[in-house]
Every structure is written in structure tokens, then in C-alpha cells.
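Next come the chains, spelled out residue by residue.
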Amino acid sequence: MPEFASVGLKRTKRTKRTKRTKRTKRTKRTIILNIMTSRLSVLKTYKIYIGGQFPRTESGRYYTAVNAKGVHLANMCLCSRKDVRDAISSARGAFGGWSSRSAFNRSQILYRIAEMLEGRKAQFVEELMLQGSSKSAAEQEVNLAIDRLIYYSGWCDKYQQIFSSVNPVASSHFNFSALEPVGVVTVVAPQSSSLIGLISLMAPVIAGGNTCVIIASETKPLCSVTFAEVLNSSDLPGGVVNILTGKVSELLPHLSNHMDVNAICFCESDAQQQKMVRENAALNVKRVIIHDDKKWNDDKSQSPYLISDFQEVKTTWHPIENIGGAKAGY
Amino acid sequence: MITAIPDFTITPRIDQVGVEERAARFTKRSLKEDTKLNGLKLALNMIDLTTLEGKDTDGKVKQLCYKARHLHDAYPGLPTVAAVCVYPSMVGMAKKALGDSGIKVASVATAFPSGQSTRDVKIRDTKYALAQGADEIDMVISRGKFHQGEYNFVFDEIATIKEVCGDARLKVILETGELGTYDKVRKASDIAMYAGADFIKTSTGKIPSAATMPVTLVMLEAIRDFYYKTGKKIAMKPAGGISKAKLALHYLVMLNEVLGEGWMNNEWFRFGASSLANDILMQLMKQRTGVYQSGDYFAND
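Chains A and B are the protein sequences, given in the same order.
Using my numbering, the letters of the first sequence map in sequence onto residues 1 to 330.
Using my numbering, the letters of the second sequence map in sequence onto residues 1001 to 1301.
Bear in mind the hints are in silico, worked out from the structure with no lab data behind them.
Please note: incorrect hints may appear among the correct ones.
Unchecked claim - With a cut-off of at most 27 Å between alpha-carbon atoms, the simulated BS3-like pairs for lysine-lysine come out as follows:
| no. | chain 1 | residue 1 | chain 2 | residue 2 |
| --- | --- | --- | --- | --- |
| 1 | B | Lys-1036 | A | Lys-82 |
| 2 | A | Lys-275 | B | Lys-1286 |
| 3 | A | Lys-82 | B | Lys-1028 |
| 4 | B | Lys-1246 | A | Lys-47 |
| 5 | B | Lys-1028 | A | Lys-47 |
| 6 | A | Lys-247 | B | Lys-1041 |
| 7 | A | Lys-82 | B | Lys-1244 |
| 8 | B | Lys-1041 | A | Lys-82 |
| 9 | B | Lys-1032 | A | Lys-82 |
Please put together the full structure from these sequences, using the hints given.
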């Protein structure tokens, strides 16, 4: 402020010396006044989401997201190997608590995420339009995303009944198979979609009690970080979902070879990358789920089978006595 | 050697801001490649693998001792830990399980962790641990008496236990989390060293506030000053709250820069820890395989 003031003063003096007209003097003053009052809009800093916090990438690197018309959208974190490591360790830390919550409670939290998303619909529509969607397509995508969260919220305490079983055995045992979450899942979200792809993959993973690390679309990253803000305000414990932005080609080796990851979900059709994912996954026998040509903008691309993709089946043999006339009759 | 016992009411004052800033600077060093590898192995070799719980059983101690001898067999050529640290009642079992491995058995004693008992009980506690075969004794100081200003009481107690210990090395636990200020930590360190401690140790691990880098720095500086005055080396053992390999490396950097290479081995420096060992092993395997590791593939103690 004092700088501006002194500049103004100097100029006034100079104008007096050079005998400029009164009018010029006033114009100059107005310009200076305008500089001091016109407001610069504050641009949002898109950070990443790890363990319920919004840190910047540890690498200090950034990339610029641009839309199809070449308009600068935002500076995004260009995450590194160490961000992946940190995210995976916080996902591991959150796994015990999240997987042992009641299915009903997980359902409530997924519903809450949908509620919060509904409340910030306008912001997501705006971001989708910035990234090249038409208004109607953007609105449709956000609505679908909300509905999809509700859909998986409903499944949280139901898929177990559909996929579990009581098995016939020829001995005095009660034999049953039940589902358990696999653990930490790394998810490479589809590049083609900013919001619906990410949500379609995340929801079934966490509905089933897993925790995850998601790499957002590199070219359409805006919604992912804004969605992290939704997650952060919807009772979801920190670390259950971690969202990173950056280059898939750079992060993929670390997402797929980390020994503390139990499954990886990959959505690109690049054969070379798919091969690498499968090879790296073999290190600790990660489960690999690849969706390379799925259209997420579609009512049909939601299913309880996407939950069971990240479930392990545990079969228990429980000895029983023959009570009364009952016997194992197989 | 020690010619005169100083007046403990006038031990040096500690510059809190300075100590904390200096301790923070040690964490800015970056150790890479071979230096990191050697640092990790050294840290592993300095661990007192500890189990001090009410629920400890013979089986648990046996398992811990097996772990001490076979840290991770998938990585040949690893050092062992320095010692196993247990309650007196478990010393016999630990001694048997460790056999001729060269790993020492340290026993806590003197009414650990509170130290709230009579001199007589503390002496008998120590004698029992020694009779069971303990190589090292970890005693606690009477913090209550210390706060009351009865420094002579604290001094005499340490000196008495040292006498009982004989050849066994004595670690004196100050329980810095209960002392409150760096000034008091420095004072307690001085008392312990002049009374005959072989090690000074930060904490019992039984209260939330355990070893921190600034507290350890204060104690290392006390050791350095004592060494300049008397020519006698005292060992250091931070304990509690050090569970990450990276933090252990920061401690080693601090040790090297304050006391120098003479202290960079497990005769003069120990980590009291239980989960640190696995984290170091995971880092070592990461260095070797290039892949981040999972706790699933490392033995829980």
C-alpha cells in the first residue's frame, strides 16, 4: 500500500513540474485507484488427498491441466513414488477400522457422500464443463454419480447374503463360505472420465470394506480433488480413500509392485501397461481387475459383481453333533 | 577419574529453543544408498528388542528370543539385535532361549516402571534378575524424590544398585516424560552418571511421552560434558516411540555429530524398541528388492 501511495504522489508532483493539464492528472489518479481496488479472483489450489489430509506432492512437482481448447485449467500435483508409498501406508492404516465397521454403518457413510455431492452439484457441473463437457452432459454425469453412490450404499449390507453360501458336505460339519474384503486396493481411474469413472470404481471397493488409493485421470483431474473435499466432509474416516494426481505411466510400477497392496484395478487398454501390471501383481499374488473398454456413463455399468471383485471367500468348517434324527445327508 | 562430586543444584541450564532447533536440523540430512544401508544395519544391531507387558508369557519371550536370533532369514548376513529386554521373571527363559548367540539379556528392575517401592525391595529385585543371569540391568530413578529436591536420595539409590550389579552394566532410566523440563533432564543425567550409571536411558516406554530427539540431545550433551571432565564414556539408550527406520537414522546422525564415531556401536548406544526392528527390516528388503514391503511378510515378535 505505501508503495502505491508514494508512486501516486511522485507522479502528481512530476505532472505539476511538466505542467500537464488537470484532466490528465485526474485520469492517472483514477488508474492508480483502479489498481488498488480491482479484485483478483482467487484460483483454487488443487492438492492431493492422503490420510484425510490435503498435502501437496512431496516431490514439489506440478503439471498444468488444459482442456481440449488449450485453456489453462489448473496446476495439478505431479505425484511421485513417495506419494504413492505414503498413500498406501495410510490406506493400510485405515483398513482395520473401516473393514470392521458394521455393513450398515458403511452404507450410511456412502449415503452421506452422495448427500454431500448433491449439495455441491453446481461446482462439479462447472468443472466438467471447463474440461469440455456440454452442460446437459455434465449435469447428467453428476446426477449419475450421485445415484451410483446411493446404489452401492444400498448394497453395503446385502452383497454378503447374495454371494455367501452354506455348502453341502458329507461329514458332521456346518460348512459355510463368507466374503471378506481383500485389503488395500490401488485404482487407476479411467482417463476418459473425470468424475463418473472414479466414483464407479471407488464405490464398490469401499462398499466392500476395502481401502483404496486412486490415481485420477491425468487429463481431466479437476473433479477428483473436489470430490476428495466431498469425501473429507462426509464421515468417511481418513485414509479409506486416498486420491493422487499425476502420470499413470510413472506411478503404475509402484502401484502394482508394492507388497502391501492386495488388489489393483486398471482401466487403460494399453497392452504393455496391462502386461506390466499383471507381472508386478504376481510378486505377492495381487488380484488384478482390468476394465479396458467399459462405458461408465451408463446405467448398466453398476453391479454387485464389482463389489465381489474385491472380496475373498473364506470357507469355514464348523464341527456339529448329530442332534436328534438330523444328520449330514449328502 | 571422578575426583569430586559436583553440586547438582547448579547443573547447566538448557536453552530450550536452541536444543529443539538443533535437534530439528538433524532430521534434514539425507542418507542414500550405501550410507543408508550401513546405517540401517547399524541401527538394527543397536536394538534392545523389548517386551515389557503384564501379559508376557514364557512362550512370548521364547518367540521374541527366536526373532532376536533370526531377524529375517530371507536376508542372509544380517546382524542380530544387541539384547533382549524383559521383566526379571522372564530372564531365565530368555537366557536359555538365547543360548550362545551372544545376544545379551537386559532386565528391568527396581520396581519398574514406577520405582515406587522401598530400597530393600529394589535391591532384591535387582539381585533376583542378576541371579537369573541378566547381563544388563535397566533401573528406574525415583522421580518423586527427584521432584522433591532429594537429589542425594536419588544419587545414593543409583550408587547402591550399581554396587549390587557388579560387572553387569547398569542402565538408568530417567523417565524424561515425567521430569518436565530439559533442565531437570540434564540434572538427572548428571546425577546418574556421577552415581555410576553405565547407560542413561530416556524412558520406560510406559507413558505416552517417551524418547524425543531434543531430550536425547540434552542427554548426549551431558554425556559429552561428563566425558570431557572425567574421561569416562557413558552409553546412551533412547527408548519408546522410535518405531520408524528413518527416525532411527536421524538419531544416528545426531549421535555421530554430538559424540562422534567412538559411540557408533552397540556398546555405547542402544535403541529400546520392539516395532523398530520390523520397520528397519522392511527398509532393508526395499533396498534389496526395489519394492516396498508389507508387514505381512515379516514375523511379528
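Outcome of the hint check:
1. Lys-1036(B) - Lys-82(A): 17 Å, holds
2. Lys-275(A) - Lys-1286(B): Holds: Lys-275(A) and Lys-1286(B) sit about 23 Å apart, inside 27 Å.
3. Lys-82(A) - Lys-1028(B): Holds, at roughly 17 Å.
4. Lys-1246(B) - Lys-47(A): 25 Å, holds
5. Lys-1028(B) - Lys-47(A): Holds. Lys-1028(B) to Lys-47(A) sits at ~24 Å (cutoff 27 Å).
6. Lys-247(A) - Lys-1041(B): Cα-Cα ~35 Å, so violated.
7. Lys-82(A) - Lys-1244(B): Holds, at roughly 16 Å.
8. Lys-1041(B) - Lys-82(A): Status holds; Cα separation ~22 Å.
9. Lys-1032(B) - Lys-82(A): Holds, at about 15 Å.
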